[in-house]
Amino acid sequence: MTPQPPKGRLISQFENRPTPSHGEAWSDLWNSGESDLWDRGIPSPALIDLVEAYKETLFYPFHAAATSSQRKGGEEVGRRRKNVLVPGCGRGYDVITLALHGFDAYGLEISETAVSEAGEFAEKELTSPQECNFGKAWKENPGVFQPGKGKAQFVEGDFFDAAWLEGLDVEQFDIIYDYTFLCALHPSQRGRWAERMAVLLKPDGLLICLEFPMYKDPGLPGPPWGVNGVHWEILAGGDEGVGKFTRRLYVQPERTYEVGKGSDMISVYERK
Numbered sequence: 001m002t003p004q005p006p007k008g009r010l011i012s013q014f015e016n017r018p019t020p021s022h023g024e025a026w027s028d029l030w031n032s033g034e035s036d037l038w039d040r041g042i043p044s045p046a047l048i049d050l051v052e053a054y055k056e057t058l059f060y061p062f063h064a065a066a067t068s069s070q071r072k073g074g075e076e077v078g079r080r081r082k083n084v085l086v087p088g089c090g091r092g093y094d095v096i097t098l099a100l101h102g103f104d105a106y107g108l109e110i111s112e113t114a115v116s117e118a119g120e121f122a123e124k125e126l127t128s129p130q131e132c133n134f135g136k137a138w139k140e141n142p143g144v145f146q147p148g149k150g151k152a153q154f155v156e157g158d159f160f161d162a163a164w165l166e167g168l169d170v171e172q173f174d175i176i177y178d179y180t181f182l183c184a185l186h187p188s189q190r191g192r193w194a195e196r197m198a199v200l201l202k203p204d205g206l207l208i209c210l211e212f213p214m215y216k217d218p219g220l221p222g223p224p225w226g227v228n229g230v231h232w233e234i235l236a237g238g239d240e241g242v243g244k245f246t247r248r249l250y251v252q253p254e255r256t257y258e259v260g261k262g263s264d265m266i267s268v269y270e271r272k
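For the sequence shown, the UniProt record's numbering assigns the number 1 to the initial residue and increments by one for each residue that follows.
Calculated from the structure, these hints are not laboratory results. Note that beta-carbon positions come from the ideal geometry of N, C-alpha and C, so glycine has one too. Treat the hints with caution; some may be incorrect.
Taking lysine to aspartate or glutamate and the EDC-like style, the derived pairs with C-alpha atoms no more than 20 Å apart in a straight line are [stated by the list, open to error]:
hint, residue 1, residue 2
1, K55, D204
2, K202, D161
3, K272, E195
Here are the computed distance ranges between Cβ atoms for each label pair [said to hold, decoys possible]:
hint, residue 1, residue 2, range
4, A163, K139, 22 to 32 Å
5, H186, Y215, 13 to 23 Å
6, D217, F62, 41 to 51 Å
7, K216, D169, 37 to 47 Å
Hey, can you work out the whole structure from these sequences and the hints?
The structure is reproduced here in structure tokens:
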């Protein structure tokens, strides 16, 4: 019999807790200063490269330019920024980099501590952003691709509850980005995750998934829980293709976090 690897701090935190209390368990880790167990310290290189590679098509940060009938007092009413949601945003690294790429970005966290820390970090980073927020496409064409900054806003709440939306100026999103949110949820919640994504996304909206961990045996305990094949099954309906999403893109990123190099995949799903 193959010996099981020792349990890590994250697994120990969740193994004896009922699933409904997992949100509280994440908050406890934030409150005890243990976010370093998952915090990467920088925005996702894979996300940055994806957005910049498709900046004129899939991830153009504005809605269609206004027509003459949409102009009001010289203002292009139709030229609104697209909005992006990042559930389980942590300290907000990805929210900030999306705002710096021209989107109105919203970060959702279950923890009040996380929301506070993200807000403080964003205040400094949006004023004087680090180089890690930008990829090769941006750096090589600084005068060409400058959509201006969108906003970065953080809100505390439960992803599965609608209450956190009440204080926002948006009900549905153009884009949602998931990196380590799905893999942090117990497998029994995956169906609810897919249904909630379908509700939160506008028709034809895009769901970006940085699929991690792909290398982990799905039978092993989490978090993080192994997700190899999971996104395709619960979003697109597997080989039957009867789900609420259509996969538009599926690639292995050239750049990603060290822990996922060689196994991470990035997928883009469109809401039907």
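* **C-beta pair D217, F62: status relative to the range 41 to 51 Å that was hinted** => 43 Å, holds
* Asked: Can the restraint linking K272 and E195 be considered satisfied, given a maximum Cα separation of 20 Å?
  -> 13 Å, holds
* Is K202 close enough to D161, meaning Cα to Cα at most 20 Å? -> Roughly 18 Å between the alpha carbons, so the hint for K202 and D161 holds.
* Could you see if the CB distance from A163 to K139 stays within 22 to 32 Å? => 40 Å, violated
* Verdict for K216, D169 (Cβ pair) under range 37 to 47 Å -> Holds - the Cβ-Cβ distance for K216 and D169, about 38 Å, lies within 37 to 47 Å.
* Do the Cβ positions of H186 and Y215 conform to the proposed distance bound of 13 to 23 Å? -> Once the Cβ atoms are compared, 20 Å apart, the range 13 to 23 Å for Y215 and H186 holds.
* Asked: Within 20 Å, alpha carbon to alpha carbon, are K55 and D204?
  -> It holds: about 17 Å lies between the C-alpha atoms, which stays within 20 Å.
In summary, the one numbered hint that this structure violates is 4.
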